[in-house]
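Undergrad: Next come the chains, spelled out residue by residue.
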Amino acid sequence: MKVTDKDVAYVADLANLELSDQERAGMLRDLNSILEYIDRLNELDTSRVPPMAQVSDRYGVDESKQVSERFAYASREDVVEGLRKSLPHEEALANAPDADEQFFRVPKVIER
Amino acid sequence: MNLTSLTIDGARSAVQERKTTALALAEAHYARIKQEDGQIGAFLTLSKERALEQADRIDRMAVEGKSLPPLGGVPVGIKDVMSTRGLRTTAGSKILEHYIPPYDCTAVARLEAAGAIVLGKMNCDEFAMGSSNENSAYHPVRNPRDLSRVPGGSSGGSAAAVAADMAVFTLGSDTGGSIRQPASFCGVVGLMPTYGRVSRYGLIAFASSLDHIGPLAKKVKDAAIVLRTIAGRDPMDANSANVPVPDYTAELEKPVRGMKLGVPKEYFGDGLDDEVRHAVESAIDKLQNLGCEIVPVSLPHTPYAIPTYYLIATAEASSNLARYDGVRYSHRARGVKTLSEMYRRSRDEGFGAEVKRRIMLGTYALSAGYYDAYYLKAQKVRTLLTRDFDEAFRKVDAIVTPTSPTAAFRLGEKSNDPLAMYLADIYTVTADLAGIPGISIPCGQTKEKLPVGLQILGRHFDESTILRLAHAYEQA
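Protein chains in written order, with my numbering: chain A, 418 to 529; chain B, 95 to 570.
These are calculated hints, taken from the structure and not from any lab test.
Don't be surprised by glycine CBs; every beta carbon is placed ideally from N, CA and C.
Certain hints may be false.
To be verified - Under the rule of at most 27 Å between Cα atoms (straight-line distance), these lysine-lysine pairs were calculated in the DSSO-like manner:
(1) K423/A / K543/B
(2) K508/B / K525/A
(3) K474/B / K508/B
(4) K474/B / K419/A
(5) K450/B / K423/A
(6) K482/A / K474/B
(7) K525/A / K543/B
(8) K419/A / K431/B
(9) K419/A / K543/B
Stated by the list, open to error - Simulated restraints on C-beta separations:
(10) D466/B / L504/A: 38 to 44 Å
(11) E507/A / R481/B: 48 to 54 Å
(12) M330/B / Y454/A: 36 to 42 Å
(13) G443/A / M330/B: 36 to 42 Å
(14) Q519/A / P394/B: 29 to 35 Å
(15) Y454/A / H372/B: 16 to 22 Å
(16) R504/B / F488/A: 54 to 60 Å
(17) F488/A / P394/B: 44 to 50 Å
(18) S302/B / D430/A: 23 to 29 Å
(19) E494/A / D379/B: 21 to 27 Å
(20) L504/A / D341/B: 34 to 40 Å
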């Protein structure tokens, strides 16, 4: 067993999930079974292998350039509303579970 | 003329030549949906008003004698992970049950600009996480070829609708095999383009370094026409590539004689069903008879693909799904007192079991102390898997494999064993990780008359070659 009940509670907390007692027990079982399978990656020596974060790293990047210049393929002009207009207030709030005319409304964050 | 069995060109030219109307085509598909979809469950939402309005626009063009655009009047279904302005988009999840997007996904906008008629939104596994469509929060989809079996996933509704003639073609998304595996299970064509070939703007994100949009269709040529329409640079998706888009339909007719096809031994080992093996080997023989040279190749890191995929995909998902907080557009739990309780209870109520499982695995893999052992390790193995393909493509023009180790399985057969379900994607996840294009086409059936899929993989941005091979096989 790699993952303990305490780990499950800690990770659920990080992920903003509550999980019922029953869900936690199931999660403990499933995570351990999946991680046991995942452990086969340790059969491979990857000490000299660079990580690959993105496929586009392989075809878009200009290796001769430094820092952000390397990713010039993804750049565009920095113009206000250059790609599309911002959503009108009304539309942006239309899907909110709770809002007034101006803001999203949420439970009180700071007690005083 | 049977209005629900037409290909794209057949439908478009029938409208152009005024043998039928776009309106009649749309109505015929809605009638078919009414008749069939009660037992299949492929659609989540119908967009009749939008469809009939668009059809009217096309019909007026036809009456005026104007040349119709490439998809003029052609009815399409859109997987419910793609945003559609004013049309409910759920991602198969209760957390987005009432979400009405304020904008269109680029791929959908391009289809409509080319004259396609959006019939509605297709059922799928919740947030595209699944291989059987049983993870939809609404209802499962049944395979039109055998209603006791799954259609595959996650684009199960998209595949089933095409197989049951409820749409001429559909859009799906593929993160680990979600276009190709259901195409294989339902006996239709499914194309995953190169990573970056099609903009994902407006696609509800699952794993951003792996997500692709692509077509499911009745014929290879239809997939080529759709790709031509939706492909190409879109400034709204920074990962969409600025690479010229060829005329795929013109490329289809080029000869395949002399092409070198790699057959990787790792895709024909233990776990491959005998009947599937037989069908795929017969298909390879047929390609050889068409003049292709068959070359044995090795992709040695294949056994590590599933663990690599499930670390990277879940890590990215845990980050992408953090946005569902019950504030701006997703489900909010009632009667909560604090902000933190609101987040937790809303997410608990809104997400299904598989989504929670993947968020948990991904959060664990990214958490302090485990990042190097899991996430970074997986990224390094991703490099090795990609190098395998680089090496193979030095020797061959394309690679042929089974799409899935088995034909469609029964509903409930794997739903209690996440790991068994993950292994259904064993031959498809590799292409997502490497970013190369892949297509699944029907290649015969099992004794129980279940379709088998042949997968053809190509080099980055070389969809032309795999389409050409698939077309040659289909026509032979």
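Undergrad: List, from low to high, the hint numbers that the structure doesn't satisfy.
TA: Hints 1, 2, 3, 7, 8, 9, 14, 15, 16, 17 and 19 are the ones this structure does not satisfy, whereas the remaining hints hold.
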